[in-house]
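Enquirer: If you use our numbering, the sequence shown closes out at 426, no skipped numbers anywhere.
Treat the hints as calculated values from the structure; they're not laboratory data.
Bear in mind the structure is a predicted one, so any value in this text is a computation, not a measurement.
Among the clues, some could well be false.
What the hints assert, rightly or not - Across the chosen pairs, the derived CB separations fall in these ranges:
1) ARG378 to VAL422: 27 to 37 Å
2) LYS322 to ILE110: 33 to 43 Å
3) PRO399 to GLN210: 23 to 33 Å
4) ILE110 to ILE131: 50 to 60 Å
Said to hold, decoys possible - 27 Å max Cα-Cα, derived BS3-like pairs, lysine-lysine:
5) LYS278 to LYS297
6) LYS209 to LYS167
7) LYS190 to LYS136
8) LYS278 to LYS209
9) LYS403 to LYS183
10) LYS224 to LYS186
11) LYS386 to LYS136
12) LYS190 to LYS403
13) LYS377 to LYS329
14) LYS275 to LYS297
Note that the Cβ used here is the ideal one computed from N, Cα and C, for glycine as well.
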Amino acid sequence: MRIKCHGGVQEVGRSCFELNDKYLIDAGIMIGEIVEYPEQVWTHNADVKFPEDIDLSRIKAIFLSHSHLDHSGALPLFFHFGMKCPVFSTKQTKKTTKTLLLDALKVQTIRQENVLYSKQDIYNAMNSFKIVRQGKKNKFEDIKFTFYNAGHIPGSSMILFEIEGKKLLYSGDFNTIETHLIKQVKKIPKADILMMESTYGNREHTQRKQTEENFLGVVEEIIKRGGIVLIPAFAVGRAQEILLILNKRKFNVPVYLDGMAKDITKDYLDSGDVKNIKLLRKVASKTHFVKKGERKKLLQKQGIFVTTSGMLNGGPVLDYLKYIYNDTKSAVILTGYQAENTNGKMLLEKQEIMIDDELYKVKCGILFFDFSAHSGKRQLVEFVKKVNPKYLILEHGEPSAIKELSREFKDRKVYTPKIGDVIEID
Numbered sequence: 001m002r003i004k005c006h007g008g009v010q011e012v013g014r015s016c017f018e019l020n021d022k023y024l025i026d027a028g029i030m031i032g033e034i035v036e037y038p039e040q041v042w043t044h045n046a047d048v049k050f051p052e053d054i055d056l057s058r059i060k061a062i063f064l065s066h067s068h069l070d071h072s073g074a075l076p077l078f079f080h081f082g083m084k085c086p087v088f089s090t091k092q093t094k095k096t097t098k099t100l101l102l103d104a105l106k107v108q109t110i111r112q113e114n115v116l117y118s119k120q121d122i123y124n125a126m127n128s129f130k131i132v133r134q135g136k137k138n139k140f141e142d143i144k145f146t147f148y149n150a151g152h153i154p155g156s157s158m159i160l161f162e163i164e165g166k167k168l169l170y171s172g173d174f175n176t177i178e179t180h181l182i183k184q185v186k187k188i189p190k191a192d193i194l195m196m197e198s199t200y201g202n203r204e205h206t207q208r209k210q211t212e213e214n215f216l217g218v219v220e221e222i223i224k225r226g227g228i229v230l231i232p233a234f235a236v237g238r239a240q241e242i243l244l245i246l247n248k249r250k251f252n253v254p255v256y257l258d259g260m261a262k263d264i265t266k267d268y269l270d271s272g273d274v275k276n277i278k279l280l281r282k283v284a285s286k287t288h289f290v291k292k293g294e295r296k297k298l299l300q301k302q303g304i305f306v307t308t309s310g311m312l313n314g315g316p317v318l319d320y321l322k323y324i325y326n327d328t329k330s331a332v333i334l335t336g337y338q339a340e341n342t343n344g345k346m347l348l349e350k351q352e353i354m355i356d357d358e359l360y361k362v363k364c365g366i367l368f369f370d371f372s373a374h375s376g377k378r379q380l381v382e383f384v385k386k387v388n389p390k391y392l393i394l395e396h397g398e399p400s401a402i403k404e405l406s407r408e409f410k411d412r413k414v415y416t417p418k419i420g421d422v423i424e425i426d
């Protein structure tokens with residue numbers, strides 16, 4: 001078995017691996033210095049990096065683990081350059097991938113960035129998708145493959161490949177911690193070779209239930225003192241999870257949803273990958289979906305505003321923050337990782353933010369709660385024990401995280417490849 005690393009090693013972004021010189025696993029991009037891609041985070045000087053050194057003419061199929069752009073964003077470019085092959089994914093992954101790719105193209109066009117592909121390229125890619133059901137074994141040419149729930153976002157999958165008498169499990173991005181939105185990971189297959197993400201290879205998460213209780217307590221406190229609650233959230237998965245958590249308490253103010261999270265939430269209302277679809281529909285029906293032109297009016301009263309973008313690099317969140325930044329009664333509550341060189345990171349570290357090329361000193365409250373959709377170090381170690389591979393390939397992680405995590409597996413052959421490396425396993 002031969003695995004070539006075109007991206008996603010010693011870095012978080014542009015995940016792309018070639019199996020036996022003819023199959024691609026994921027097709028992601030990396031944008032500038034962004035470290036995590038729950039949503040597109042474009043900047044005016046976005047340095048978009050694509051997977052390197054791929055002969056597209058020999059690729060027979062692409063296997064897509066989930067829709068985030070660090071796993072799917074290169075698809076339109078591949079099809080722009082003539083790729084013609086099936087793209088295997090779950091139904092929900094196809095649906096969300098289309099939404100994210102079209103939105104990313106729209107943002108690039110508005111900002112007059114160097115657009116490398118067209119809307120037609122996106123449609124050509126989408127028309128090549130072949131839908132697979134999780135838990136069902138499939139066959140294509142000389143490879144058998146099965147998608148399993150990864151617990152990361154709705155539709156996300158880990159993929160088990162069977163080829164040349166060996167089993168290879170690609171974890172994709174996964175989360176074994178129980179959440180409100182997504183069905184918990186139940187089936188973890190055994191494999192000879194495991195390719196595993198290492199995003200949190202050197203970090204642990206706080207206990208989820210306690211985090212939720214603390215979060216709800218803070219929201220209650222802000223409401224009691226007469227403030228507005230602003231919750232930046234990633235459009236895919238995080239915003240919906242936050243709405244479900246907020247539903248655990250009765251607040252005497254409305255809950256609003258804005259930005260691309262509105263479209264994704266609507267997409268999820270008929271998804272078979274959502275843990276409790278009836279509850280999500282009920283919560284969505286009670287949530288006020290903000291219409292164009294009504295933000296200023298809504299901000300005249302107290303409310304809880306859940307909106308994109310999660311790293312505050314654009315989107316409606318900046319309109320809301322511009323209104324409350326000087327109000328000490330109000331607060332912005334960050335709910336996801338804030339990468340280097342993002343507005344969210346600057347807000348956390350310096351209590352400053354750039355809006356319309358103007359620097360604002362933020363005086364409202366600034367809080368952070370860890371609602372990550374990735375497994376922490378302890379979950380990663382337990383996952384390896386359950387899969388019990390002879391060979392372990394650590395990917396999708398910063399060098400420091402991969403280095404620390406690799407020390408946990410002295411009883412196995414561990415690979416920590418770089419871009420361009422080829423791993424051959426007999």
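Enquirer: Check whether the Cα positions of LYS190 and LYS136 lie no farther apart than 27 Å.
Expert: Since the Cα atoms of LYS190 and LYS136 sit roughly 16 Å apart, the hinted pair holds (cutoff 27 Å).
Enquirer: How does the Cβ-Cβ distance of ARG378 and VAL422 compare with 27 to 37 Å: does it lie in that range?
Expert: holds (32 Å)
Enquirer: Would the pair LYS190 and LYS403 pass a check requiring their Cα atoms to be no farther apart than 27 Å?
Expert: At roughly 24 Å apart (the allowed maximum being 27 Å), LYS403 and LYS190 satisfy the hint.
Enquirer: Does the alpha-carbon distance linking LYS386 and LYS136 stay inside the 27 Å limit?
Expert: With Cα atoms ~20 Å apart, LYS386 and LYS136 stay inside 27 Å; holds.
Enquirer: Quickly compare the C-alpha distance for LYS224 and LYS186 to 27 Å and report which way the hint goes.
Expert: violated (40 Å)
Enquirer: Compare the distance between the alpha carbons of LYS403 and LYS183 with 27 Å, and conclude whether the hinted pair is satisfied.
Expert: Status violated; Cα separation ~31 Å.
Enquirer: Would you mind confirming whether the straight-line C-alpha gap from LYS209 to LYS167 stays at or under 27 Å?
Expert: violated (36 Å)
Enquirer: LYS278 and LYS297 were given as a pair; does the straight-line alpha-carbon distance stay at or below 27 Å?
Expert: Violated. LYS278 to LYS297 sits at ~31 Å, over the 27 Å cutoff.
Enquirer: Does the structure keep LYS275 and LYS297 at a Cα separation of 27 Å or less?
Expert: violated (35 Å)
Enquirer: Against the range 23 to 33 Å, how does the distance between the Cβ atoms of PRO399 and GLN210 compare: consistent or not?
Expert: Holds, since PRO399 and GLN210 (Cβ atoms, about 31 Å apart) stay within the stated range.
Enquirer: Could one say that the CB atoms of LYS322 and ILE110 fall in the range 33 to 43 Å?
Expert: violated (19 Å)
Enquirer: Checking one constraint from the list: CA of LYS278 to CA of LYS209, max 27 Å. Satisfied?
Expert: holds (22 Å)
The structure is inconsistent with the numbered hints 2, 4, 5, 6, 9, 10, 13 and 14, although it conforms to all the rest.
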